[in-house]
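**Student:** Order-wise, the sequence lines are chains A, B and C.
By our numbering, the letter at position 71 of the first sequence is numbered 71, and the numbering carries on one by one without gaps.
By our numbering, the letter at position 44 of the second sequence is numbered 157, and the numbering carries on one by one without gaps.
By our numbering, the letter at position 37 of the third sequence is numbered 263, and the numbering carries on one by one without gaps.
Source of the hints: derived by calculation from the structure; they are not laboratory data.
From the three backbone atoms N, C-alpha and C, an ideal C-beta is built for every residue, glycine too.
Some clues are possibly wrong.
[Said to hold, decoys possible] Subject to a maximum C-alpha distance of 20 Å in a straight line, what follows is the list of computed PhoX-like cross-link-like pairs (lysine-lysine): (1) K426/C x K339/C; (2) K346/C x K236/C; (3) K327/C x K236/C; (4) K426/C x K2/A; (5) K2/A x K311/C; (6) K327/C x K2/A; (7) K346/C x K412/C; (8) K311/C x K236/C; (9) K2/A x K236/C.
[Stated by the list, open to error] On the chain B side, residues computed to face chain A include the following (Cβ under 10 Å): (10) L128; (11) I145; (12) A151; (13) F165; (14) G192; (15) L193; (16) R194; (17) G195; (18) R215.
These are the residues of each chain, in order.
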Amino acid sequence: MKAVARAHPLWLAYILHRLSGIGLALFLPAHFYVLSLALTDAARLDAFLRFSDLALVKLAEFGLVFLLAVHFFGGLRLMALEFLPWSAQQKTWAAAALAGSFMISTLFLMRAI
Amino acid sequence: MNEMHLYMAQRLSALVMAPFVLVHLGTMIYAIQGGLTAAEILGRTQGSVFWFLFYGMFVVAVSIHAALGLRVILSEWAGLRGAVLSGVSLAIGLGLFAMGARAVWAVTAGGAP
Amino acid sequence: MPEISSISVKVARGGPEGAQRMQQFTVPAYESQTVLDVVTWIQQNTDPTLTYRFACRVGMCGSCAMMVNGVPRWTCRTHVDKVLKNGAMEIAPLRNLPVIKDLVADMDPFFDKWVAAEAKHHPSRTRDDPIPAIDPDAPERLVASAGIECINCSVCYAACDTVAGNPDYLGPAALQRAWTLVNDAKDSARDAILDAVSGKGGCHSCHSMGSCTAYCPNELDPMSAIAGLKRETAKRYFRGRAK
Chain A
1 MKAVARAHPL
11 WLAYILHRLS
21 GIGLALFLPA
31 HFYVLSLALT
41 DAARLDAFLR
51 FSDLALVKLA
61 EFGLVFLLAV
71 HFFGGLRLMA
81 LEFLPWSAQQ
91 KTWAAAALAG
101 SFMISTLFLM
111 RAI
Chain B
114 MNEMHLYMAQ
124 RLSALVMAPF
134 VLVHLGTMIY
144 AIQGGLTAAE
154 ILGRTQGSVF
164 WFLFYGMFVV
174 AVSIHAALGL
184 RVILSEWAGL
194 RGAVLSGVSL
204 AIGLGLFAMG
214 ARAVWAVTAG
224 GAP
Chain C
227 MPEISSISVK
237 VARGGPEGAQ
247 RMQQFTVPAY
257 ESQTVLDVVT
267 WIQQNTDPTL
277 TYRFACRVGM
287 CGSCAMMVNG
297 VPRWTCRTHV
307 DKVLKNGAME
317 IAPLRNLPVI
327 KDLVADMDPF
337 FDKWVAAEAK
347 HHPSRTRDDP
357 IPAIDPDAPE
367 RLVASAGIEC
377 INCSVCYAAC
387 DTVAGNPDYL
397 GPAALQRAWT
407 LVNDAKDSAR
417 DAILDAVSGK
427 GGCHSCHSMG
437 SCTAYCPNEL
447 DPMSAIAGLK
457 RETAKRYFRG
467 RAK
């Protein structure tokens, strides 16, 4: 049987928000662990930070910043939809959220390289 | 905790985090210029009451937000229900808080020089 | 579109026991043919055991909704040439509901949730009282009127992924009706309704993915109605009147 048709902007915004949220939740423990190295082993923190200078790692970092930005703007969009009186501008909001996320994460990547 | 409390906790933790995320994104873009070192990070954060409160509240909010977000996803996509669902999401929240609190302590208070 | 003489149709067959299987039929193509016409043709000419549900055939009763190529639709108001892909299509019973047989979904869970959402009229007067005057242009009335054309067809319920993942979720149709009643000057149980939609599977389970609004054949907007419920219940929460 055919899968249910879902490809409309709000559904895509929903799935993007959910997947970016899962990605961030998985990343957080690693993030916290690396920072807590400052307490136990500063040399290893520095070694990790040097590792993070590699191009491939930079690209992964771009991905993380993108996840954060996309979840942030997607969340603002959702709260505007829920708490502000409804407007028919949802598609525009969703597009603006994506554009803003790309802008921030690209800015991050350009600074990082 | 009924559905209404969970919903409000999810939305309020998101609202609290909105300014934190913006500052966090801005700090990242600013701080990565010329590469990161442990000394540079700690030089900015060590002994700073501002950064302790900033990251401390950020960690509290993100632990609540991520645990509640994953709670919904575990229920809808993994079929967890009832006490198991509550137990797992509580463990996620407490785990994230413990790791995050340790990281905040490491970079603002107790870190090796 | 190019002229075709026949349509290749896959139809979901089988009852509640075991998974349904898809059965292939070839149906002659006519001008202005609807999906319901196709199903009817199969039953009358090929297989009289094919089970499906319909009544009015003109988009008033809401009983003929099915999944057509993965989209929940009123089959009586869907022209075949709008949905045909390479001369073929797939018809299945409405998603998110138990199957009774072939193309007939069991609507009981859908209607039970209407009641659970308090999406029923709570009279404020008796038949002996005068009928209160309603200003059709009052802001609250406009909000209520925006959602009252729902005919319980369950297309939104079938489209919703939150319903699919959360069996307790009341669903877009019941919540939209609850929202119209919250805004209805003639309904006396505003707080009871807001309590009912604040519980397990209530309006706060909605993720605003908007499939209800995208697929509603009456072009209603249940997602916005649910957002209205979220706003009202949140306001009540801050005023400390929530349970």
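**Student:** For which of the previously enumerated hints does the structure constitute a violation, in increasing order of number?
**Tutor:** 2, 4, 13, 14, 15, 16 and 17
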